[in-house]
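Participant: Sequence:
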Amino acid sequence: MLAGFAGSTPMVSLPKIAVVGAGVAGITAASQLHAAGFPVTLFDKSRGLGGRLATRRWPTGVAFDHGAPYFGADDAAFKAALEASKAATTWQPRVQGTKTGDMWVGNPRMNAWLKDAATGINTKLNTTISGITANAERWTLSVDKRKAVVDADIVVLATPSPQAAQLAAEDTELAARLDAITYTPVWTILLSLNDHNAIPCDVIADTPADSPLAWLGRNAGKPGRDVDNTGWVAHARAEWSAENLEITTDAAIAKLAPAVITALGCTREAVQKTQAHRWRYANVSQSAGEPYLQNAKGSLFAIGDGCLGGGVEGAYQSGDALAKMLIAAHTEA
110 MLAGFAGSTP MVSLPKIAVV GAGVAGITAA SQLHAAGFPV TLFDKSRGLG GRLATRRWPT
170 GVAFDHGAPY FGADDAAFKA ALEASKAATT WQPRVQGTKT GDMWVGNPRM NAWLKDAATG
230 INTKLNTTIS GITANAERWT LSVDKRKAVV DADIVVLATP SPQAAQLAAE DTELAARLDA
290 ITYTPVWTIL LSLNDHNAIP CDVIADTPAD SPLAWLGRNA GKPGRDVDNT GWVAHARAEW
350 SAENLEITTD AAIAKLAPAV ITALGCTREA VQKTQAHRWR YANVSQSAGE PYLQNAKGSL
410 FAIGDGCLGG GVEGAYQSGD ALAKMLIAAH TEA
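Going by the working numbering, the letters in the sequence shown line up with residues 110 to 442, in that order.
These are computed hints drawn from the structure, not numbers from a lab. These figures come from a predicted structure and were not determined experimentally. For each residue, glycine too, the CB sits at the ideal point set by N, CA and C.
Below, in silico cross-link-like pairs of lysine-lysine (DSS-like), each with a Cα-Cα straight-line distance of 25 Å or less:
no., residue 1, residue 2
1, K125, K154
2, K406, K125
3, K188, K433
4, K224, K154
5, K382, K364
6, K188, K208
7, K195, K433
Estimated spans, in silico, between C-beta atoms of each pair:
no., residue 1, residue 2, range
8, A193, R165, 26 to 32 Å
9, A189, A307, 36 to 42 Å
10, A437, P332, 35 to 41 Å
11, E282, D183, 31 to 37 Å
12, G374, G333, 24 to 30 Å
13, A285, D183, 29 to 35 Å
When you get a sec, could you build the whole thing from the sequences and use the hints?
Facilitator: Laid out in C-alpha coordinates, this is it:
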(Lines of atoms letter the chains of each structure in order from A and count residues from 1; the text may use other names and numbers.)
(Lines give C-alpha, C1' and ligand atoms only; values in the text may rest on other atoms or scores of the structure.)
Protein backbone atom coordinates (compact mmCIF):
# COMPACT_ATOMS: atom_id res chain seq x y z
CA MET A 1 0.00 0.00 0.00
CA LEU A 2 1.29 3.46 -0.91
CA ALA A 3 2.36 5.89 1.76
CA GLY A 4 -0.42 8.17 2.89
CA PHE A 5 -3.13 5.54 2.30
CA ALA A 6 -3.21 4.18 5.83
CA GLY A 7 -6.03 5.25 8.08
CA SER A 8 -8.42 4.23 10.83
CA THR A 9 -12.11 3.48 10.45
CA PRO A 10 -14.21 6.24 12.00
CA MET A 11 -17.36 5.36 13.96
CA VAL A 12 -19.72 7.15 11.59
CA SER A 13 -22.00 6.08 8.77
CA LEU A 14 -20.07 6.54 5.55
CA PRO A 15 -21.49 6.71 2.03
CA LYS A 16 -21.15 3.76 -0.30
CA ILE A 17 -18.86 4.73 -3.19
CA ALA A 18 -18.52 3.25 -6.68
CA VAL A 19 -15.35 4.15 -8.58
CA VAL A 20 -15.53 3.52 -12.32
CA GLY A 21 -12.05 3.10 -13.80
CA ALA A 22 -9.06 1.34 -12.24
CA GLY A 23 -6.28 3.52 -13.57
CA VAL A 24 -4.02 5.80 -11.55
CA ALA A 25 -6.73 8.29 -10.49
CA GLY A 26 -9.34 5.64 -9.68
CA ILE A 27 -7.03 3.44 -7.62
CA THR A 28 -5.52 6.43 -5.80
CA ALA A 29 -8.96 7.67 -4.74
CA ALA A 30 -10.36 4.21 -3.99
CA SER A 31 -7.34 3.20 -1.91
CA GLN A 32 -7.45 6.24 0.33
CA LEU A 33 -11.21 6.01 0.76
CA HIS A 34 -11.02 2.29 1.54
CA ALA A 35 -8.28 2.92 4.12
CA ALA A 36 -10.50 5.57 5.74
CA GLY A 37 -13.31 3.04 6.16
CA PHE A 38 -15.55 3.93 3.22
CA PRO A 39 -17.33 1.00 1.53
CA VAL A 40 -15.76 1.22 -1.94
CA THR A 41 -16.22 -0.87 -5.07
CA LEU A 42 -13.81 -0.39 -7.95
CA PHE A 43 -14.97 -1.27 -11.49
CA ASP A 44 -13.00 -1.59 -14.71
CA LYS A 45 -13.87 -2.99 -18.12
CA SER A 46 -10.34 -4.35 -18.60
CA ARG A 47 -8.96 -7.58 -17.20
CA GLY A 48 -6.19 -5.82 -15.28
CA LEU A 49 -5.45 -2.74 -13.24
CA GLY A 50 -3.56 0.34 -14.34
CA GLY A 51 -5.23 1.84 -17.40
CA ARG A 52 -2.46 3.28 -19.55
CA LEU A 53 0.18 1.83 -17.24
CA ALA A 54 -0.14 -1.28 -19.35
CA THR A 55 2.07 -4.22 -20.24
CA ARG A 56 1.42 -6.68 -23.06
CA ARG A 57 3.02 -10.12 -23.04
CA TRP A 58 3.22 -12.27 -26.14
CA PRO A 59 2.95 -16.09 -26.00
CA THR A 60 6.68 -16.18 -26.72
CA GLY A 61 7.31 -14.43 -23.39
CA VAL A 62 8.37 -11.10 -24.87
CA ALA A 63 6.81 -8.24 -22.86
CA PHE A 64 6.13 -4.62 -23.74
CA ASP A 65 5.19 -1.64 -21.57
CA HIS A 66 3.09 -0.35 -24.42
CA GLY A 67 1.23 2.40 -22.56
CA ALA A 68 3.02 5.11 -20.60
CA PRO A 69 6.69 4.04 -20.81
CA TYR A 70 7.64 6.01 -17.67
CA PHE A 71 6.40 9.00 -15.68
CA GLY A 72 7.72 11.97 -13.76
CA ALA A 73 7.22 12.76 -10.07
CA ASP A 74 7.69 16.45 -9.26
CA ASP A 75 4.83 16.60 -6.75
CA ALA A 76 6.19 15.96 -3.26
CA ALA A 77 3.27 13.77 -2.13
CA PHE A 78 3.38 11.65 -5.27
CA LYS A 79 7.13 11.23 -5.05
CA ALA A 80 6.88 10.25 -1.39
CA ALA A 81 4.24 7.65 -2.21
CA LEU A 82 6.42 6.15 -4.93
CA GLU A 83 9.49 6.15 -2.72
CA ALA A 84 7.54 4.29 -0.03
CA SER A 85 6.38 1.65 -2.50
CA LYS A 86 8.44 -1.49 -3.05
CA ALA A 87 7.04 -1.72 -6.56
CA ALA A 88 8.21 1.59 -8.08
CA THR A 89 11.70 2.83 -8.85
CA THR A 90 13.59 5.29 -11.00
CA TRP A 91 14.91 4.22 -14.37
CA GLN A 92 18.38 5.29 -15.48
CA PRO A 93 18.45 4.30 -19.15
CA ARG A 94 21.20 4.80 -21.67
CA VAL A 95 19.67 7.61 -23.70
CA GLN A 96 20.33 8.68 -27.26
CA GLY A 97 19.21 12.28 -27.11
CA THR A 98 18.21 14.49 -24.19
CA LYS A 99 16.97 13.10 -20.89
CA THR A 100 14.90 15.48 -18.77
CA GLY A 101 13.98 14.75 -15.15
CA ASP A 102 13.54 11.52 -13.24
CA MET A 103 11.97 8.61 -15.07
CA TRP A 104 9.85 6.45 -12.76
CA VAL A 105 8.59 2.96 -13.62
CA GLY A 106 6.67 0.21 -11.90
CA ASN A 107 8.76 -2.82 -10.99
CA PRO A 108 8.49 -5.48 -12.43
CA ARG A 109 5.57 -4.09 -14.46
CA MET A 110 4.29 -0.58 -14.91
CA ASN A 111 1.14 -1.22 -12.86
CA ALA A 112 2.91 -3.05 -9.98
CA TRP A 113 2.71 -0.13 -7.52
CA LEU A 114 -0.99 0.31 -8.32
CA LYS A 115 -1.66 -3.35 -7.60
CA ASP A 116 -0.16 -2.82 -4.17
CA ALA A 117 -2.36 0.22 -3.58
CA ALA A 118 -5.50 -1.69 -4.65
CA THR A 119 -4.94 -4.51 -2.14
CA GLY A 120 -8.09 -5.19 -0.13
CA ILE A 121 -10.44 -3.09 -2.26
CA ASN A 122 -13.58 -4.79 -3.60
CA THR A 123 -12.60 -4.81 -7.28
CA LYS A 124 -14.71 -5.91 -10.26
CA LEU A 125 -12.61 -6.36 -13.41
CA ASN A 126 -13.97 -7.32 -16.84
CA THR A 127 -17.01 -5.30 -15.81
CA THR A 128 -18.29 -2.56 -18.09
CA ILE A 129 -20.43 0.14 -16.50
CA SER A 130 -22.64 1.18 -19.42
CA GLY A 131 -24.81 3.71 -17.65
CA ILE A 132 -25.57 5.43 -14.34
CA THR A 133 -29.00 6.62 -13.24
CA ALA A 134 -29.97 8.87 -10.36
CA ASN A 135 -32.60 7.25 -8.13
CA ALA A 136 -33.80 9.43 -5.25
CA GLU A 137 -30.62 10.03 -3.19
CA ARG A 138 -28.65 7.11 -4.68
CA TRP A 139 -27.24 5.93 -7.98
CA THR A 140 -27.93 2.75 -9.91
CA LEU A 141 -25.18 1.47 -12.19
CA SER A 142 -25.94 -0.58 -15.29
CA VAL A 143 -23.47 -3.42 -15.79
CA ASP A 144 -22.88 -4.53 -19.38
CA LYS A 145 -26.10 -2.85 -20.55
CA ARG A 146 -28.17 -4.78 -17.99
CA LYS A 147 -29.74 -3.27 -14.91
CA ALA A 148 -27.81 -4.84 -12.09
CA VAL A 149 -28.19 -4.67 -8.33
CA VAL A 150 -25.33 -2.21 -8.08
CA ASP A 151 -26.07 0.97 -6.21
CA ALA A 152 -24.03 3.68 -4.57
CA ASP A 153 -24.43 6.95 -2.72
CA ILE A 154 -21.50 8.48 -4.59
CA VAL A 155 -20.14 7.65 -8.04
CA VAL A 156 -16.62 8.59 -9.07
CA LEU A 157 -15.88 8.49 -12.80
CA ALA A 158 -12.17 7.82 -13.31
CA THR A 159 -12.18 7.15 -17.05
CA PRO A 160 -11.03 9.29 -19.98
CA SER A 161 -13.27 12.36 -20.09
CA PRO A 162 -15.19 11.48 -23.29
CA GLN A 163 -16.20 8.17 -21.70
CA ALA A 164 -17.05 9.89 -18.42
CA ALA A 165 -19.19 12.44 -20.30
CA GLN A 166 -21.27 9.63 -21.79
CA LEU A 167 -21.91 8.14 -18.36
CA ALA A 168 -22.73 11.58 -16.92
CA ALA A 169 -25.05 12.49 -19.80
CA GLU A 170 -28.08 13.02 -17.52
CA ASP A 171 -26.21 15.90 -15.88
CA THR A 172 -25.81 18.19 -18.86
CA GLU A 173 -23.64 20.74 -17.03
CA LEU A 174 -21.11 18.17 -15.82
CA ALA A 175 -21.14 16.39 -19.19
CA ALA A 176 -20.43 19.67 -20.98
CA ARG A 177 -17.43 20.37 -18.73
CA LEU A 178 -16.12 16.88 -19.43
CA ASP A 179 -16.67 17.34 -23.17
CA ALA A 180 -14.47 20.46 -23.08
CA ILE A 181 -11.45 18.34 -22.08
CA THR A 182 -9.46 17.25 -25.12
CA TYR A 183 -6.77 14.64 -25.79
CA THR A 184 -4.14 13.78 -28.35
CA PRO A 185 -3.77 10.16 -29.46
CA VAL A 186 -0.65 8.02 -29.80
CA TRP A 187 -0.05 5.03 -32.04
CA THR A 188 2.47 2.58 -30.60
CA ILE A 189 4.44 -0.10 -32.42
CA LEU A 190 5.75 -3.19 -30.62
CA LEU A 191 8.72 -5.05 -32.11
CA SER A 192 10.77 -8.04 -31.08
CA LEU A 193 14.27 -8.30 -32.52
CA ASN A 194 16.65 -11.16 -33.16
CA ASP A 195 19.51 -9.37 -31.39
CA HIS A 196 18.48 -6.40 -29.27
CA ASN A 197 21.97 -6.18 -27.76
CA ALA A 198 23.31 -4.82 -31.03
CA ILE A 199 21.64 -1.47 -30.26
CA PRO A 200 23.84 0.57 -27.86
CA CYS A 201 21.08 2.48 -26.03
CA ASP A 202 17.85 1.89 -24.13
CA VAL A 203 15.98 5.01 -25.20
CA ILE A 204 15.95 7.08 -28.37
CA ALA A 205 14.53 10.41 -27.26
CA ASP A 206 15.47 12.62 -30.21
CA THR A 207 14.20 11.65 -33.65
CA PRO A 208 14.52 13.56 -36.96
CA ALA A 209 11.90 16.22 -37.55
CA ASP A 210 10.58 14.37 -40.59
CA SER A 211 10.17 11.09 -38.70
CA PRO A 212 6.66 10.02 -37.67
CA LEU A 213 8.19 8.73 -34.42
CA ALA A 214 8.60 10.65 -31.16
CA TRP A 215 10.20 8.10 -28.82
CA LEU A 216 11.58 4.55 -28.72
CA GLY A 217 12.44 2.40 -25.70
CA ARG A 218 13.86 -1.02 -24.91
CA ASN A 219 11.84 -2.94 -22.30
CA ALA A 220 14.85 -4.96 -21.11
CA GLY A 221 16.57 -1.75 -20.02
CA LYS A 222 14.06 -1.13 -17.23
CA PRO A 223 14.54 -2.29 -13.63
CA GLY A 224 13.07 -5.70 -12.85
CA ARG A 225 12.59 -6.72 -16.47
CA ASP A 226 13.92 -9.82 -18.20
CA VAL A 227 17.33 -8.81 -19.57
CA ASP A 228 16.81 -11.21 -22.49
CA ASN A 229 13.56 -9.53 -23.50
CA THR A 230 14.02 -8.46 -27.13
CA GLY A 231 11.06 -6.06 -27.17
CA TRP A 232 11.11 -2.42 -28.21
CA VAL A 233 8.21 0.05 -28.07
CA ALA A 234 7.98 3.03 -30.41
CA HIS A 235 5.55 5.95 -29.99
CA ALA A 236 4.39 7.92 -32.99
CA ARG A 237 4.19 11.71 -32.85
CA ALA A 238 0.86 13.15 -31.71
CA GLU A 239 0.33 14.94 -35.02
CA TRP A 240 0.94 11.79 -37.04
CA SER A 241 -1.29 9.77 -34.72
CA ALA A 242 -4.14 12.27 -35.05
CA GLU A 243 -3.87 12.32 -38.84
CA ASN A 244 -3.90 8.52 -38.94
CA LEU A 245 -6.23 7.91 -36.02
CA GLU A 246 -8.72 5.65 -37.79
CA ILE A 247 -6.37 3.49 -39.86
CA THR A 248 -6.14 -0.22 -39.13
CA THR A 249 -3.41 -1.72 -36.99
CA ASP A 250 -1.97 -3.39 -40.10
CA ALA A 251 -1.83 -0.03 -41.86
CA ALA A 252 -0.16 1.56 -38.82
CA ILE A 253 2.51 -1.15 -38.84
CA ALA A 254 3.08 -0.72 -42.58
CA LYS A 255 3.50 3.04 -42.17
CA LEU A 256 5.57 3.10 -38.97
CA ALA A 257 7.71 -0.04 -39.02
CA PRO A 258 10.16 1.30 -41.64
CA ALA A 259 10.75 4.40 -39.48
CA VAL A 260 11.36 2.19 -36.43
CA ILE A 261 13.86 0.08 -38.34
CA THR A 262 15.67 3.22 -39.47
CA ALA A 263 15.74 4.68 -35.95
CA LEU A 264 17.11 1.45 -34.46
CA GLY A 265 19.67 1.05 -37.23
CA CYS A 266 18.71 -2.57 -37.84
CA THR A 267 17.44 -4.48 -40.87
CA ARG A 268 14.00 -5.84 -41.68
CA GLU A 269 15.41 -9.33 -41.23
CA ALA A 270 16.29 -8.46 -37.62
CA VAL A 271 12.60 -7.96 -36.77
CA GLN A 272 10.85 -11.11 -35.59
CA LYS A 273 7.33 -9.77 -35.06
CA THR A 274 5.40 -6.51 -34.87
CA GLN A 275 2.10 -5.34 -33.41
CA ALA A 276 0.41 -1.96 -33.12
CA HIS A 277 -1.83 -0.39 -30.49
CA ARG A 278 -3.76 2.88 -30.64
CA TRP A 279 -4.18 4.97 -27.49
CA ARG A 280 -7.04 7.29 -28.42
CA TYR A 281 -6.79 9.27 -25.15
CA ALA A 282 -3.04 9.20 -24.61
CA ASN A 283 -2.25 12.76 -23.52
CA VAL A 284 -4.36 15.69 -22.36
CA SER A 285 -4.20 18.74 -24.64
CA GLN A 286 -6.83 20.83 -22.82
CA SER A 287 -7.51 20.09 -19.15
CA ALA A 288 -10.34 21.28 -16.92
CA GLY A 289 -7.86 23.14 -14.73
CA GLU A 290 -9.37 21.74 -11.52
CA PRO A 291 -8.40 18.67 -9.47
CA TYR A 292 -11.86 17.13 -9.88
CA LEU A 293 -15.28 17.95 -11.30
CA GLN A 294 -18.61 17.37 -9.57
CA ASN A 295 -22.35 17.69 -9.99
CA ALA A 296 -24.43 20.19 -8.03
CA LYS A 297 -25.39 17.65 -5.32
CA GLY A 298 -21.83 16.49 -4.72
CA SER A 299 -22.74 12.87 -5.43
CA LEU A 300 -21.16 12.44 -8.87
CA PHE A 301 -17.49 13.22 -9.49
CA ALA A 302 -15.00 12.97 -12.33
CA ILE A 303 -11.25 12.57 -11.81
CA GLY A 304 -8.20 11.79 -13.91
CA ASP A 305 -5.46 13.48 -15.86
CA GLY A 306 -8.14 15.33 -17.81
CA CYS A 307 -8.79 17.44 -14.73
CA LEU A 308 -5.29 18.79 -14.14
CA GLY A 309 -3.29 17.45 -17.10
CA GLY A 310 0.14 16.13 -16.26
CA GLY A 311 -0.26 12.47 -17.22
CA VAL A 312 0.33 9.88 -14.49
CA GLU A 313 1.32 12.46 -11.89
CA GLY A 314 -1.70 14.63 -12.67
CA ALA A 315 -4.00 11.61 -12.41
CA TYR A 316 -2.56 10.80 -8.97
CA GLN A 317 -3.04 14.40 -7.81
CA SER A 318 -6.65 14.36 -9.02
CA GLY A 319 -7.55 11.13 -7.23
CA ASP A 320 -5.68 12.22 -4.11
CA ALA A 321 -7.47 15.59 -3.98
CA LEU A 322 -10.93 14.02 -4.29
CA ALA A 323 -10.23 11.37 -1.66
CA LYS A 324 -8.97 13.94 0.83
CA MET A 325 -12.03 16.14 0.24
CA LEU A 326 -14.50 13.28 0.70
CA ILE A 327 -12.74 11.98 3.80
CA ALA A 328 -12.76 15.45 5.37
CA ALA A 329 -16.40 16.04 4.42
CA HIS A 330 -17.69 12.77 5.86
CA THR A 331 -15.43 12.04 8.83
CA GLU A 332 -14.62 15.39 10.38
CA ALA A 333 -17.02 17.13 12.75
